[in-house]
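Asks: Residues per chain are reported as follows:
Number of protein chains: 2
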Amino acid sequence: MSTQDLTESVVASFAGTSDPRLRELLDSLTRHLHDFVRETGLTGEEWERAVGFLTATGQACTDTRQEFILLSDVLGVSMLVETVHEDAGPGTESTVLGPFHMTESPVRELGADIDLTGSGEPCVVSGRVLSADGTPLPGAVLDVWQANAEGFYDVQQPDVQPPGNGRGLFTADGEGRFWFRTCVPSAYPIPTDGPVGALLRATGRHPYRPAHIHFIASAEGHVPVTTHIFVAGGDYLDSDAVFAVKESLVQDFTATDDPVLAGEFGVATPFRHARFDLVLAPR
Amino acid sequence: MSTQDLTESVVASFAGTSDPRLRELLDSLTRHLHDFVRETGLTGEEWERAVGFLTATGQACTDTRQEFILLSDVLGVSMLVETVHEDAGPGTESTVLGPFHMTESPVRELGADIDLTGSGEPCVVSGRVLSADGTPLPGAVLDVWQANAEGFYDVQQPDVQPPGNGRGLFTADGEGRFWFRTCVPSAYPIPTDGPVGALLRATGRHPYRPAHIHFIASAEGHVPVTTHIFVAGGDYLDSDAVFAVKESLVQDFTATDDPVLAGEFGVATPFRHARFDLVLAPR
Numbered sequence: 001m002s003t004q005d006l007t008e009s010v011v012a013s014f015a016g017t018s019d020p021r022l023r024e025l026l027d028s029l030t031r032h033l034h035d036f037v038r039e040t041g042l043t044g045e046e047w048e049r050a051v052g053f054l055t056a057t058g059q060a061c062t063d064t065r066q067e068f069i070l071l072s073d074v075l076g077v078s079m080l081v082e083t084v085h086e087d088a089g090p091g092t093e094s095t096v097l098g099p100f101h102m103t104e105s106p107v108r109e110l111g112a113d114i115d116l117t118g119s120g121e122p123c124v125v126s127g128r129v130l131s132a133d134g135t136p137l138p139g140a141v142l143d144v145w146q147a148n149a150e151g152f153y154d155v156q157q158p159d160v161q162p163p164g165n166g167r168g169l170f171t172a173d174g175e176g177r178f179w180f181r182t183c184v185p186s187a188y189p190i191p192t193d194g195p196v197g198a199l200l201r202a203t204g205r206h207p208y209r210p211a212h213i214h215f216i217a218s219a220e221g222h223v224p225v226t227t228h229i230f231v232a233g234g235d236y237l238d239s240d241a242v243f244a245v246k247e248s249l250v251q252d253f254t255a256t257d258d259p260v261l262a263g264e265f266g267v268a269t270p271f272r273h274a275r276f277d278l279v280l281a282p283r
Numbered sequence: 001m002s003t004q005d006l007t008e009s010v011v012a013s014f015a016g017t018s019d020p021r022l023r024e025l026l027d028s029l030t031r032h033l034h035d036f037v038r039e040t041g042l043t044g045e046e047w048e049r050a051v052g053f054l055t056a057t058g059q060a061c062t063d064t065r066q067e068f069i070l071l072s073d074v075l076g077v078s079m080l081v082e083t084v085h086e087d088a089g090p091g092t093e094s095t096v097l098g099p100f101h102m103t104e105s106p107v108r109e110l111g112a113d114i115d116l117t118g119s120g121e122p123c124v125v126s127g128r129v130l131s132a133d134g135t136p137l138p139g140a141v142l143d144v145w146q147a148n149a150e151g152f153y154d155v156q157q158p159d160v161q162p163p164g165n166g167r168g169l170f171t172a173d174g175e176g177r178f179w180f181r182t183c184v185p186s187a188y189p190i191p192t193d194g195p196v197g198a199l200l201r202a203t204g205r206h207p208y209r210p211a212h213i214h215f216i217a218s219a220e221g222h223v224p225v226t227t228h229i230f231v232a233g234g235d236y237l238d239s240d241a242v243f244a245v246k247e248s249l250v251q252d253f254t255a256t257d258d259p260v261l262a263g264e265f266g267v268a269t270p271f272r273h274a275r276f277d278l279v280l281a282p283r
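Chains A and B, in that order, are what the protein sequence lines are. UniProt numbering numbers the first residue of the first sequence as 1 and each following residue consecutively. UniProt numbering numbers the first residue of the second sequence as 1 and each following residue consecutively.
The shape of chain A in the complex, shown without the other chains (with noise of 0.2 Å):
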């Protein structure tokens, strides 16, 4: 039998699958599969070290720790599952998902400080939920995450982070507008203690994101977008660990001593405004 032959039976071992695009996918990710392995002449001995990795990644994985996305996020798998399906429409561009969207965020009123250890250099982030054509989206709905000034999620530090540390859903007030307190995000590197770190090490890749605090934007009627925005001028824009960076996502932090803007947002002087509307497409 040859390589090619081999090939062609798992596929067609797939022909009784019941939903045609489970078949689909089964079919083509076989043949890729399978041309990678001809095209590589992998060995035994290689794939040995594959399935002992594939297998510390899956048991890596846990309530709070999510090694599969990471080692998708590292491939850039993940970010390109965001990108083949953008239409580069009018609106907000998308990004990954990422490993730590895990735990519901804390419903919390506009306004709130979502940095709840006061730990880092004080933020307000502001602006606006628009349809594509300007039309601001009353009651649309953020789901908000970031790690903190040291560069840890909540899930990662449970013994130092309360609950809901640096997350928040907020819904847009009636003519579409958010605004909310955190600290300025910093770089960080990813979880490198698991195989997906050691991964990095082998290749010479260093592990950090630039600074950057997730979004999921949804309105009734439109399609929702999963993004970030990153601050602008911050290190490691350039060579992002997860590909996830987009220029039309990095925006200013601009320090400000403002006394009204203060005074609207119910901070001290100075601190650091990010403003920035997100735009939905209409279903």
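One or more hints might be untrue.
Heads up, the list lumps identical chains together, so a pair's fine if it works in one copy or across two of them.
To be verified - Heads up, simulated SDA-like pairs for lysine to any residue below, C-alpha to C-alpha not over 25 Å straight-line:
1. K246 x T203
2. K246 x G41
3. K246 x L42
4. K246 x A281
5. K246 x Y208
6. K246 x D27
7. K246 x P270
8. K246 x G111
9. K246 x P106
10. K246 x G44
11. K246 x S131
12. K246 x P136
13. K246 x S2
Quick caveat, the hints were computed from the structure, so don't treat them as lab data. Note that the structure is predicted; figures quoted are calculated from it, not measured.
Model the placement of chain B on the given structure of chain A, informed by the hints.
Replies: Quick look at chain B alone, frame taken from chain A:
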């Protein structure tokens, strides 16, 4: 950024990999994974299900169960890895290792019975280990493992089977001959209570493997071979769940009541007898 630019960025990120072979493997893997996502237009929801499937596969692995090897087996990848390196030379053809070669086979004397519970139809397996030119290989080592007559390996039934049941590590005699007693293996389903079983159900595939005995044969100065022999006339020879059947590996397990042969092997009549030679290519 186009999706092709993204792929090139990921490939470029591996430029600093010190091991050139690892870099080659990651480059090819990245291109094929990305092509798969582009070709199928994989959605975020499908990607999430795939991440969940891979995570569950890793977490189903234990000291006595290797679900990722099983996944590789049912996708034909294990068989392909064996096949791409086969030079179609004069040696015994290889086939998959399978997921049950996970404990050390106990050292046994030639002629020993590896069916420790005496549950199956008595059988003698005998033959010679030869070099490609027909020269016997004294001292060749045979690692043998098989399921019991009910189709389970010792590690799958720790409460029923003693450790090492169905397993033996034999050394060929001064003329390269080997012989041992066992029971006739039966067809059996691969484990279906994990993610791989769910995949088989979703694709309408049966989980059965035709009856077989595993071998790894090795001898000084020769390339070891990992293979099975399959019981001629058995079920599923045309639809092995792991695609491992090669015609040359199907062997007669002849029913015999020859008292001379029975005396030679120290068994009662009637018994079944599989006789074949294992041929190794010189290094």
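Asks: Hint by hint, say whether it matches the structure.
Replies: Tested hints:
1. K246 x T203: This pair counts as within: shortest intra-copy Cα distance 24 Å, inter-copy 39 Å.
2. K246 x G41: between (36 Å within a copy, 20 Å between copies)
3. K246 x L42: between (35 Å within a copy, 21 Å between copies)
4. K246 x A281: within (18 Å within a copy, 55 Å between copies)
5. K246 x Y208: within (16 Å within a copy, 49 Å between copies)
6. K246 x D27: between (32 Å within a copy, 23 Å between copies)
7. K246 x P270: Answer is neither; intra-copy 29 Å and inter-copy 75 Å both fail.
8. K246 x G111: neither (27 Å within a copy, 69 Å between copies)
9. K246 x P106: neither (28 Å within a copy, 59 Å between copies)
10. K246 x G44: between (40 Å within a copy, 18 Å between copies)
11. K246 x S131: This pair counts as within: shortest intra-copy Cα distance 21 Å, inter-copy 61 Å.
12. K246 x P136: Close inside one copy (24 Å), not across copies (66 Å); limit 25 Å.
13. K246 x S2: Answer is between; shortest inter-copy Cα gap is 11 Å, intra-copy 45 Å.
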